[in-house]
Amino acid sequence: MLNWFSMANMDNDEVLEFSSLIEQAAQLYQVGQYSESFQEHVFSDVLANFVGSSNGVYSLVGCRLMVRFLDRHCNAAYLSMPAIYYEFSQTPLKVAEYNGNDKAFLRHYREQIHDYSIKVVQYHSYSQINLRTMFSLIACTILEVPCSLTAAAASCLMMTIQDFALTQEKIPDRSRFWLHAIVLSIMSLICWVHKAPDLYRYVNEIISRRAKDAPQLNPPLLKTYNLQSQHAYWKKSTLFFEDWELRYGLWKHFQAARLLFCLAVFLAVLFTDCEGRTKKVVIHVPYKVKKIKHVHTVYKTIHHHHTHHDHEHGLVPDDHEHFHHMHLLEEPSPTHVQAIPEFLPDGPLDLPLDISEMPRDIPLKSIRHGIPLYRQK
Numbered sequence: 015m016l017n018w019f020s021m022a023n024m025d026n027d028e029v030l031e032f033s034s035l036i037e038q039a040a041q042l043y044q045v046g047q048y049s050e051s052f053q054e055h056v057f058s059d060v061l062a063n064f065v066g067s068s069n070g071v072y073s074l075v076g077c078r079l080m081v082r083f084l085d086r087h088c089n090a091a092y093l094s095m096p097a098i099y100y101e102f103s104q105t106p107l108k109v110a111e112y113n114g115n116d117k118a119f120l121r122h123y124r125e126q127i128h129d130y131s132i133k134v135v136q137y138h139s140y141s142q143i144n145l146r147t148m149f150s151l152i153a154c155t156i157l158e159v160p161c162s163l164t165a166a167a168a169s170c171l172m173m174t175i176q177d178f179a180l181t182q183e184k185i186p187d188r189s190r191f192w193l194h195a196i197v198l199s200i201m202s203l204i205c206w207v208h209k210a211p212d213l214y215r216y217v218n219e220i221i222s223r224r225a226k227d228a229p230q231l232n233p234p235l236l237k238t239y240n241l242q243s244q245h246a247y248w249k250k251s252t253l254f255f256e257d258w259e260l261r262y263g264l265w266k267h268f269q270a271a272r273l274l275f276c277l278a279v280f281l282a283v284l285f286t287d288c289e290g291r292t293k294k295v296v297i298h299v300p301y302k303v304k305k306i307k308h309v310h311t312v313y314k315t316i317h318h319h320h321t322h323h324d325h326e327h328g329l330v331p332d333d334h335e336h337f338h339h340m341h342l343l344e345e346p347s348p349t350h351v352q353a354i355p356e357f358l359p360d361g362p363l364d365l366p367l368d369i370s371e372m373p374r375d376i377p378l379k380s381i382r383h384g385i386p387l388y389r390q391k
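Numbering-wise (the numbering used here), the sequence shown opens with residue 15 and increments by one.
Quick caveat, the hints were computed from the structure, so don't treat them as lab data. Where is the CB? At the ideal position from N, CA and C, for every residue including glycine. Be aware that one or more of the hints could be misleading.
Unchecked claim - Okay, derived cross-link-like pairs now, DSBU-like style, lysine-lysine, Cα gap no bigger than 35 Å in a straight line:
hint : residue 1 : residue 2
1    : 249       : 237
2    : 266       : 117
3    : 117       : 133
4    : 226       : 209
5    : 184       : 249
6    : 226       : 237
7    : 184       : 133
8    : 133       : 237
9    : 250       : 237
10   : 250       : 209
11   : 226       : 133
12   : 133       : 266
13   : 266       : 108
14   : 250       : 226
15   : 133       : 250
16   : 209       : 117
17   : 226       : 108
18   : 249       : 266
19   : 226       : 266
20   : 226       : 184
21   : 133       : 209
22   : 249       : 209
23   : 237       : 209
24   : 209       : 266
25   : 108       : 133
Stated by the list, open to error - The following label-pair restraints were derived from C-beta to C-beta distances:
hint : residue 1 : residue 2 : range
26   : 39        : 242       : 46 to 54 Å
27   : 24        : 227       : 41 to 49 Å
28   : 101       : 51        : 29 to 37 Å
With these hints in hand, go ahead and build the complete structure from the sequences.
See below:
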């Protein structure tokens with residue numbers, strides 16, 4: 015169908031009618047891992063022949079098809095209009111689990127997605143529906159493959175779009191407002207998906223400045239803008255994102271995630287580097303729990319099992335477990351409490367970190383459980 019579509023000569027009405035059939039076919043197609051679900055040429059053909067087309071209808075159809083291909087968790091229905099995703103926003107969006115094969119697949123098409131998305135902006139910045147569909151496409155990549163690659167690629171694309179909106183002379187102000195709103199929406203979505211506190215603070219600063227001096231630069235996208243006199247001058251540099259600030263925020267977030275991952279692996283190896291025992295290792299991750307007047311520091315536990323036998327002390331080679339649990343005393347609340355970031359690196363993790371909530375009754379005394387003894391021969 016795509017091959018015939020790209021070769022046939024049709025007017026815009028016929029293109030829209032036939033595109034509905036293609037979209038329906040794409041929606042019925044069961045998508046698993048991207049590399050196993052699509053032939054290599056499919057994405058390249060859709061990006062080159064449709065998304066990057068100078069014909070607005072063809073470009074719209076291409077972006078919609080790409081969204082159908084990528085959207086495995088039905089998020090597209092909630093991505094029709096750019097919005098601000100605050101840290102505690104209650105949204106029905108679903109973030110997919112990280113998959114290394116999907117990351118490799120998008121790495122292969124990263125430059126093409128970037129280049130043809132820029133063409134959408136260059137050719138169709140006057141069309142709100144085209145820009146909104148392009149926004150849905152970029153948002154789907156962030157949600158479906160949540161990793162440093164998609165976050166960095168989307169940020170790079172947004173900086174290019176912001177530069178276009180600031181420097182291009184032949185586009186109306188309304189189009190500039192739309193583009194700046196899309197940039198902010200994508201950056202807030204990256205923060206929401208990855209829970210990056212430092213980057214969130216910077217994005218929130220931009221949101222607040224714009225709300226005061228230039229609200230037209232924030233979502234949503236409007237058909238008409240009635241600017242008041244105090245909002246007429248909106249080109250102040252403090253209202254836009256600095257490339258180095260975004261790069262630093264992303265680097266700090268993912269670097270901290272990698273360090274946390276390496277620390278967890280190191281502790282696992284440290285406690286399990288022996289032979290001849292069945293061992294249950296508990297790695298404690300500090301987590302601040304706010305309460306009235308005090309802050310309880312409790313420890314979420316990560317369990318890891320290893321089986322081996324101990325012949326060194328003449329003990330029966332029997333399975334046993336070591337339990338290490340720690341409960342800390344109540345401590346005064348510090349002036350500034352900063353929680354351990356609850357995010358992980360985008361690599362696979364051997365230790366299960368999806369841990370149930372801690373019980374409400376937290377012991378106030380230090381407790382250490384004894385190590386079970388081996389049975390003698």
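Comparing the hints with the structure gives:
1. 249 - 237: Satisfied, since the Cα-Cα distance of roughly 20 Å is no more than 35 Å.
2. 266 - 117: With Cα atoms ~21 Å apart, residue 266 and residue 117 stay inside 35 Å; holds.
3. 117 - 133: Measuring from Cα to Cα gives roughly 24 Å; hence the hint holds.
4. 226 - 209: Answer holds: residue 226 to residue 209 is near 25 Å, not above 35 Å.
5. 184 - 249: Given that 35 Å is the threshold and the Cα spacing comes to 16 Å, the pair holds.
6. 226 - 237: holds, 21 Å
7. 184 - 133: holds, 15 Å
8. 133 - 237: holds, 22 Å
9. 250 - 237: holds, 23 Å
10. 250 - 209: holds, 28 Å
11. 226 - 133: The given pair, whose Cα atoms are some 32 Å apart, holds under the 35 Å limit.
12. 133 - 266: Answer holds: residue 133 to residue 266 is near 31 Å, not above 35 Å.
13. 266 - 108: holds, 25 Å
14. 250 - 226: holds, 12 Å
15. 133 - 250: Cα-Cα ~26 Å, so holds.
16. 209 - 117: holds, 19 Å
17. 226 - 108: holds, 32 Å
18. 249 - 266: holds, 29 Å
19. 226 - 266: holds, 29 Å
20. 226 - 184: holds, 27 Å
21. 133 - 209: holds, 30 Å
22. 249 - 209: Given that 35 Å is the threshold and the Cα spacing comes to 29 Å, the pair holds.
23. 237 - 209: holds, 32 Å
24. 209 - 266: holds, 12 Å
25. 108 - 133: holds, 29 Å
26. 39 - 242: 46 to 54 Å: holds, 48 Å
27. 24 - 227: 41 to 49 Å: Check passed, 47 Å falls within 41 to 49 Å.
28. 101 - 51: 29 to 37 Å: holds, 34 Å
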